[in-house]
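Student: Once you have looked at the hints, place chains B, C and D on chain A.
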Amino acid sequence: MKYQSQAVAKPYFIAALALFVGQIVFGLIAGLQYLYGTFLFPELPFDVAHMSHTNLLIVWLLMAFMGAAYFIVPEEAQTELYSPKLALLTFWVFLTAGALTIAAYLFVPYAHLAAITGNAVLPTMGRGYLEQPLPTKIGIVLVALSLLFNVTMTLIKGRKTSINLILVGSLWGLALLFLPAFYFPQDTVKASFGWWWIVHGWVEGDWELILGALLGFILIKMTGVDREIVEKWIYIIVAMTLVSGIVGIGHHYYYTGAPSYWIWLGSIFSALEPLPFMLLIAFSFKMLLARRREHPNKAAMLWAMGTPIMAFLGAGLWGFMITLAPAQYYMHGTNFTAAHGHLAFFGAYAMVSLAIISYAMPLLRGRVANSAAAQRWEMAGFWIMVLSMIGIALALTGAGIVTVVLQRAAADPMPFMQVQDKERVFFWLRELAGVGFFVGLLVYLRSFFISGEYEYAGEMKRALAT
Amino acid sequence: MNAEASAIRAQPLPGDFAIWIFIFAELTVFGVLFAAYAFARSAHLELFNAAQLGLNRVYGYVNTLLLVTSSYFVARASLSIKAGRSTACGHWLVGALGLGGCFLVVKLAEFHQDFAQGITLSANLFDMFYLSLTFFHFMHVVMGMAILAVVARKAYAGRYSAADHTGVETGGSYWHMVDLVWIILFALVYVIH
Amino acid sequence: MKSPAVLPFKPCTVSWAVLLALTTISFELGAGASGRMLMAAVLALTLIKGQLVVSHFMGLRRVRLEWRIAMAAYLAAVGGVIALAYSIT
Amino acid sequence: MQQVFTKAMARNIFLGGAVFFLAIYLALTYDTWQRIPIRDHADQMTPAVLRGKYLLDTNDCIGCHTINGEGAYFAPELGNVYKRRGPDFIKAWIQSQPTGVPGRRQMPNFHFTPDQLNDLVAYLQWLSNIDTNNWPPNIQG
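Residue numbers (the numbering used here), protein chains in the order written: chain A, 29 to 494; chain B, 147 to 339; chain C, 1490 to 1578; chain D, 244 to 384.
Just chain A, same shape as in the assembly:
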């Protein structure tokens, strides 16, 4: 850690991991409710478990992104953070708001929550990922403004590297793209069309820039490759993301009431969306091969190299599977989408968050890298989580195939619930893989409780110090 104020990243990272645990717990509950519908009913209906699962995902990723910003921006700008106190205050506001919102989901019926939070005045509730009541949404905006103010002021007074410009720029984009959450047209088709500005705009646009910036930062730090080379390739990769991804939003508009031309435009542009992920893999491994030092934090390197591969699998490959209009005609609104969502969210955004946490946490705790024993636990956690998530995706894909065969494409289509009964084996496999994932997460977390520093020859220590 080069600047004292980078330390504010630590609570963000810790909270992110705690919320991550919460996300998985709700995921396991929801997964079990697929098999035993009466499990925890009526205390915790599926929709509450489901929205807790997805909202915690968003909140922990945002926590991790914010922590990453507070860690990276000062280091890249070569100056202290503009206001560490504001960053810390923002942390507590965000954590409290997040916890209160989840508590409200759990203990207040949703319609009642809407009634007491002014949803009738400005309706915003009842859309996927955006279920938060109005006060929470306003809180998110305030937290974002605080973050933007802090990192932008830091950027202005310091060195303006490309990594920092992309990172801060994409944080601005993240905040701006959230604003349509306050616009909920009464026309359902328009509402769906605009909902994707936020959801697609984040996960298939803006967040890919954040991913690029985080990965670029980690690679510069860990491989010692010339910054110029890393930064220009990151620019090219994020450029390709936007070239394919902006009009590629059309793959959400085929069957939701939008005009038919999106079938063609969406298919053509979104078919190219895997390209930036391929470039990202090629680039990352090129940097790895061109590395000028052996960084002792092997675990962080594993996360950093795993991210582009899993992002390509989840976002690129599984995304491509459902993106062309003729295929999506049958796959739209099935567990194919869930399989893609799980693998892409984890492979791209959870993994890049864990990569930056893996790189930064030892530094925040006063060492270059954790002990070899701790890293072994962390890497074991990596493999268990990655393989389990692939298991979840395969199981959900299996369920999706059954739906397509029996319900969507059949000459004599079966009703929804009958088909669901035929998919029980896949829902079991998904739940088992989910348990596996949870075990992997615990193994990963265990690594944080193994003290000690990485042991390496004094020679190398001196080399790293310079």
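Hints are computed from structural coordinates only; laboratory data are not their basis.
If a hint is listed, it holds; no wrong ones were tucked in.
In silico DSBU-like cross-links for lysine-lysine, where the CA-CA straight-line distance does not exceed 30 Å:
#1 K228/B <-> K1499/C
#2 K326/A <-> K249/A
#3 K300/B <-> K188/A
#4 K249/A <-> K188/A
Tutor: This is chains B, C and D only, laid out in the frame that chain A set:
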């Protein structure tokens, strides 16, 4: 082949490599669009044949001549700067910009006529492809002209020389790509039926 | 580096004249005929025009072989796919 | 000669590409915005339809169901449920929840009034008439 000739043939791509990544990406997008058009036409042959007759092919012909000539001017601008003649380079580029502007005017006149005839993105599949392709290309012409304008300004300001003229070739390569795409588009949408 | 002055005009000037001529031929062909022969003729002319732009305007005739192959392959692929689609109708 | 490849040009392409495709998307969005009211019969969005929509939103129906494929995959599609089941079945079904059958997926009882049930059905009827390019492929959703 003698040594000199093989050295000539071993030059790097003209201009900045970054623009070439972009050019290949754009060519891929247009390539997929062309393929989609071709296969959509196969599936809806009668519709395409009927709708294609509604186009005024002269617009496409004139625009091809304009764009090809504009592209030629840019090639001459590149030759001029290689000979160290900045002002001539600027003049050729302004000429290219003028022709690009003419292209836009002709295309806008055509669009105006199209809209008066009730052609929209949702009217039928041919109209959808025709409008998407030409509008997408139209935007590329606008973008290419913005790039050429910057390059022309810098040329007049003497920022390029016989030794350092990457900028001219970068902007020029993009403009030739816009020309290349139109040549295919013209044949596909206006001529072949 | 000067290329030997075989032609009284610059190569790109010759290409330009050829491009204008081929465009006019394509246009005239399209006015009269239709069908597969037209498709084959116009497509061939178009690919020649494309290659002229690539070689003499973009200046790719001077670059390393792999880039020339890439561009030629692009034109061939686009032309091939169009020809395929038009011949299956 | 070395190939030129500068960070400045890479950045310009990123910025230019972003602005360019955003402009294209905005133009398309403008067109879409004009088309949607025709495709979904916005003129038939009566006060009852809008009240019904508000009930679906504020009870988090898409937390289990999908509407035109969007939502959760725990319960059946609602976009065409009006055509699949008809108004009377829908009302009776909602009122009889939860079934309490051991192990089966459960839907909460939302204690809707008869008026609210009429509003819900009006909204579901409106939903079922949207031009979704013939999706879902069949009545089972």
